[in-house]
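**Q** The primary structure of each chain is shown beneath.
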Amino acid sequence: MTPRAVRLALVIGAVLLLEALSRLGAIDRFAMLPPSEIVWHLGRILLSAQYWPAIAKTLGNVASACAAAVVAGVVLGALIHRWRGLRETLDPLFAAYYAIPVYAFYPLFIVVFGLGDLPQVLIGFMLGLVAVIVNTLNGLDRVPRVLTKTARIHRLNALSAAIRISLPCAAPYIFTGIKLAVAYSFIGVIGAELIMARTGLGYEIGYAYNNFDNTVMYPLIVLVLAIAASVNAVFHRWEKKMLARRRA
Amino acid sequence: MAHLELRGVTRVFPATATTAAVEALGPIDLAIERGEFFALVGPSGCGKSTLLEIIAGLIGPTAGAVTLEGRTIAGEVPDGVGIVFQEDASFPWLTVRDNIAFGLRQAAGTAAETRARVDHALMLMGLADFAGAYPVQLSGGMRQRVCIARTLVQRPRLILLDEPFGALDQQTRFLMGDELIRLWRDTTATIVLITHSLDEAAMLADRVGVLSARPGRLLDVIRTPWSEQRGSGIIADPRFGAVTARLWQLLREESLRAMAAGGARP
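Protein chains in written order, with our numbering: chain D, 590 to 837; chain P, 273 to 538.
Distance windows between CB atoms, simulated:
| hint | chain 1 | residue 1 | chain 2 | residue 2 | range |
| --- | --- | --- | --- | --- | --- |
| 1 | P | Ala405 | D | Ser625 | 47 to 57 Å |
| 2 | D | Arg744 | P | Val408 | 25 to 35 Å |
| 3 | D | Lys830 | P | Ala292 | 41 to 51 Å |
| 4 | P | Glu385 | D | Glu828 | 35 to 45 Å |
| 5 | D | Arg633 | P | Ala405 | 46 to 56 Å |
| 6 | D | Ala822 | P | Val408 | 19 to 29 Å |
Coverage of chain D stretches by chain P, computed from C-beta distances (three or more under 8 Å per stretch; other residues unrestricted):
| hint | segment |
| --- | --- |
| 7 | 738 to 747 |
| 8 | 755 to 763 |
Heads up, incomplete: computed chain P residues facing chain D, CB under 7 Å, no partners named:
| hint | residue |
| --- | --- |
| 9 | Leu330 |
| 10 | Val349 |
| 11 | Ile355 |
| 12 | Phe357 |
| 13 | Glu359 |
| 14 | Ala361 |
| 15 | Trp365 |
| 16 | Gly375 |
| 17 | Tyr406 |
| 18 | Val408 |
These are computed hints drawn from the structure, not numbers from a lab. Cβ atoms here follow ideal geometry from the backbone N, Cα and C, with glycine treated the same way.
Starting from the given sequences, assemble the full structure and let the hints guide the process.
**A** This is how it looks when you write it as structure tokens:
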């Protein structure tokens with residue numbers, strides 16, 4: 590049995606177990622719906638179009654946070670890599686960064702930026718940014734010296750050398766940063782919507798939770814899981830394709 | 273006027289917090305004519321690669337000067353210089369064709385010209401059937417041919433080769449040597465080859481410079497008796513043995529000195 594088949598069997602087994610426990614009454618319907626009902630309600634929700642604005646808003650904010658984190662992270666990573674002193678100063682801060690509860694800044698962001706989308710995007714961006722910077726630095730550290738000499742032989746300036754040699758060479762590591770940025774953007778945006786927002790998937794999940802509405806809360810959670818898993822699968826496939834070109 | 277001229281070239285690596293200053297090279301005086309194939313041999317750590325990097329303009333000399341076509345090389349790689357390193361310098365994310373075309377994107381020229389030059393380089397290096405392949409799909413020798421093609425496609429007037437066949441087996445080295453001689457005849461470029469292999473130097477070069485143990489100084493320059501039409505077949509020529517024997521005679525003591533000193537590169 591392949592690892593993939595084992596993974597699939599585990600997921601299917603867990604879903605079937607939940608279904609059985611729910612149907613047999615071992616799990617209270619008030620706590621959780623049977624998976625088949627969750628899927629049925631999810632279909633109903635998607636067809637009704639009632640939550641499309643919330644889904645679109647959340648996905649738009651996740652995409653904005655992620656894109657900003659990737660662009661800023663790669664640019665900052667490349668700049669920091671060039672200045673050894675700056676790197677030595679910032680490295681300990683990067684190492685400690687994820688010990689900081691970014692959500693603690695959320696009230697401050699709301700005060701500064703208001704109750705719109707920006708604070709949520711900012712939380713997602715802040716969570717993803719350092720992952721991209723750290724992985725960009727990691728990749729640039731591994732660019733073989735012979736390639737940096739090759740850039741000089743071709744008389745490339747610093748920007749051309751970065752765009753044409755260093756960053757493509759570091760791409761597998763940068764890609765890891767991008768995957769993390771996607772995950773962190775989902776966590777940041779949906780988490781922020783849960784805390785304090787007036788729309789979005791996180792808000793709708795929180796609203797349903799507060800109103801004991803399992804027929805909305807669980808389907809929306811499954812929807813978030815499905816979207817995140819799908820995005821991750823696309824990136825995984827893309828990464829495999831890229832690595833296959835580089836490794837024997 | 274010599275095509276490439278070195279006058280009193282010296283290189284000292286300054287002391288760091290953990291190491292003492294290292295006198296790596298020189299002083300070296302040398303003149304290489306246009307279209308000449310010149311090889312440099314010397315014991316490990318004698319500064320051969322440092323000298324090549326100075327000639328390429330990748331690093332500067334501590335004292336002395338290098339002039340190419342009468343102009344002093346200062347601080348940057350001059351126009352018309354190509355270099356092939358011992359390490360694999362192919363770009364793994366590009367196909368063979370794109371690797372070779374890499375250098376031409378900087379140069380002005382139409383897409384049709386670029387394509388024609390890349391096609392010619394692919395054919396010249398026997399890579400035409402692998403144009404769409406990625407370096408990972410090629411052997412070490414073929415990857416090195418990609419790097420040589422990437423250098424040749426720019427039509428450099430001076431080609432610097434830093435042990436380009438160092439990672440290859442002896443048979444492949446001879447075959448690559450034959451190809452290199454053929455390319456040299458076709459391009460009429462001046463070639464400076466750094467090598468550990470006395471056979472390679474004796475077979476390929478018009479003249480072979482022998483460097484001493486560190487700090488590398490030019491002990492002697494030996495002229496080989498071969499015509500331009502030479503190839504690996506000359507290893508059967510009795511004069512080939514005489515050239516390599518002379519090189520070894522010069523190098524033996526130096527190699528022992530380098531071994532005694534550790535032979536490490538700075």
